[in-house]
Amino acid sequence: MPELYTPQPGKSVLTAQNLHRFQGEHCVVDDISLELARGQVLGVLGLNGAGKSSTLRLLCGMQAPDHGKVMICGHLMADAPLLAKQHLGYLPENPPLYRDMRVDDYLQFAGKLRGLRRTTLKQAVQQVKDDCDLGDVGRRIIGKLSKGFQQRVGIAQAIIHRPAVIILDEPSSGLDPEQMREIRELIQKLAPQHGIIFSTHLLAEATAVCTDVCVIHHGRLIATQALQQTVKPDTTTLTVKFRQLLKKPQLLRLPGVIDAIAQPGQRWSLQVQSSQQEQLLPLMVQQGWNIMDFGPQVHSLEHLFASLIRDDRPPEPVQPADYAGSTREQSPRSRQRTAISA
Amino acid sequence: MTGVIARREFHALLKSPFTWLIAAILQVFFAWYFLSTLEQYLAIQHQLALQDHAPGVTAFLAFRYLAPICALLLLICPLLTMRCLADEYRHHTFALLQSSPVPVHAIVLGKFIGVMGFVSLLLLLAILMPLSLLALTDVDLPLLGLSLLGLIITGAMCTAAGLFFSSLTKNTMIAAITSSTVLLLLWILGKGTYSDAGIQTAMTSLSTSTHLGTFFQGLLDTRDVLYFFILTTLFLSLTMIRISSFNRNGAPI
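Line by line, the protein sequences give chains R and W.
Offset between the first sequence (1-based) and this note's numbering: plus 4.
Offset between the second sequence (1-based) and this note's numbering: plus 7.
Treat the hints as calculated values from the structure; they're not laboratory data.
Heads up, some of the hints might be wrong.
[As the list claims (entries may be wrong)] Stretch-level coverage of chain R by chain W, calculated; a stretch enters the list once three of its residues show a Cβ under 8 Å from a Cβ in chain W:
id, segment
1, 65-73
2, 110-124
[What the hints assert, rightly or not] Capping the alpha-carbon separation at 25 Å, the derived lysine to any residue pairs in SDA-like fashion look like this:
id, chain 1, residue 1, chain 2, residue 2
3, R, K126, W, K177
4, R, K148, W, L156
5, W, K177, R, I146
6, R, K126, W, G10
7, R, K73, W, K198
8, R, K148, W, D94
9, W, K198, W, L156
10, R, K126, W, R255
11, W, K22, W, I159
12, R, K148, W, I159
13, R, K151, W, N256
14, R, K73, W, R255
15, R, K151, W, T100
16, R, K245, R, Q277
17, R, K126, W, L21
18, R, K148, W, W27
19, R, K148, W, F17
20, W, K22, R, R103
21, R, K193, R, K245
22, R, K151, W, K22
23, R, K151, R, D104
24, R, K126, W, K22
Every residue, glycine too, gets a C-beta built ideally from N, C-alpha and C.
Kindly produce the complete structure, drawing on both the sequences and the hints.
See below:
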């Protein structure tokens, strides 16, 4: 057995360079490069058939890329697949469950395949059952479990050996909202010690758990973006529309405002310290400014997504007012939105 | 790692009602066939006693009761192996093996050994019947041992072939039918009469049935052992090549 991988903060655990994959003449994965570090949760977004699953299959060595290379924890997938896979946990779109096995036996088998033995194996099974809330179903037969439990067993099999890289292909497909929330919590719980990649077409899910997102369209990586809220946790981005023309220094003079970015139509995107957020509106009114609109900036993945897929253009920040109808899918902050017209 | 996979395969077989059905039917067949062969022997016993070098009861049973079981294996082994890989594709469980640090040869050998464990148990049951005569008379134990070897070696070849055809498709029935057909073709290859003497020799030496006789006569011919060894290795290697090709072409989904 190879030595255990010791995590080094900030160091990438998975590197993919210029991955290509053809199916006949058709290019299903077209020049995709990715990097993943421990603590990072990378959401892979894309329409059905965009090449998400194909990309993930290349990343975890199920298929070899036609060009390009995948490296996991310093091991090239093409040259040392066994060493690379040691640090990999993969949950495919259809969880790889032996339906006639009991949960405990299945997890033990999955652990043994990853080289865990005896006491380590026992501890790992116990630990993973705690993590995935499978404590009560250990003796149950997998085929008789509900979809939510099956999905959790699927995740448990991917993380039982505590790999550096966890790849989940649509982990919440077919689950009810409560089960989705549980899966999300589980991913967040795992995030600090692992590098996680998961594909989804649920934008709300990506917003909720990802530190980074990338969008795949027609096999190409058309955008990679760090989600702002996770980058600077104690700041908030607000969108304000004024009637009069204002200058940037005027806005920066307000207490708590860290940055102001002009948008078309007298709109400003303000980065504000969360603690100062409440006092901002009265202060602006005191200045004698006419405020047409005031609210949190919806980090609209949906918009990003739609605009990217429509014409591959770089996305523009979105005004909450334009997306009032779709805010349910967005971050919880949008629910506290207050619009004031002066 | 081979052991881990073999154990799971063996347990998966034990958990399937289908396997027990096969085992039960086989056991009924063994018992009935054994008793009827024994009766035949008792009926012609005094005629045999007049011959020089008359066959004893073990020799008679080995040739009339154990040898035909080989033909049965052509049908039974593919039924036991048909799910090995085809079902893994169908239920998407193969991804677990593919994404785990398990070498291809461990997957193939593990599955082979797992099924062979069960096949050996079935064959042991067949041997138990003539062994039960120990209570009444002398039994030629080396001959029985050699017959068991012949049975197991045939079982190994049939299992390897079944495994290979199971690796080709995700449909279990197609896997079973094609492997049985190919094994049957190999079996009857030597039974035909060919106009050309060279072809006749080639076909006879390629055929499974011509290589089996010696085991049940109490002879250990390395050529025959080698024949089965080569065929088993061939089918196992083909399976490994097939599974390695998924890296290029993807597993059947």
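Now for the hints, and whether the structure bears them out:
no., hint, verdict
1, 65-73, "holds (count 4)"
2, 110-124, "holds (count 6)"
3, K126(R) x K177(W), "34 Å, violated"
4, K148(R) x L156(W), "42 Å, violated"
5, K177(W) x I146(R), "21 Å, holds"
6, K126(R) x G10(W), "18 Å, holds"
7, K73(R) x K198(W), "54 Å, violated"
8, K148(R) x D94(W), "18 Å, holds"
9, K198(W) x L156(W), "23 Å, holds"
10, K126(R) x R255(W), "36 Å, violated"
11, K22(W) x I159(W), "23 Å, holds"
12, K148(R) x I159(W), "37 Å, violated"
13, K151(R) x N256(W), "30 Å, violated"
14, K73(R) x R255(W), "14 Å, holds"
15, K151(R) x T100(W), "16 Å, holds"
16, K245(R) x Q277(R), "19 Å, holds"
17, K126(R) x L21(W), "24 Å, holds"
18, K148(R) x W27(W), "22 Å, holds"
19, K148(R) x F17(W), "22 Å, holds"
20, K22(W) x R103(R), "11 Å, holds"
21, K193(R) x K245(R), "38 Å, violated"
22, K151(R) x K22(W), "23 Å, holds"
23, K151(R) x D104(R), "15 Å, holds"
24, K126(R) x K22(W), "23 Å, holds"
Consistency with the previously given hints fails for numbers 3, 4, 7, 10, 12, 13 and 21, ordered from lowest to highest.
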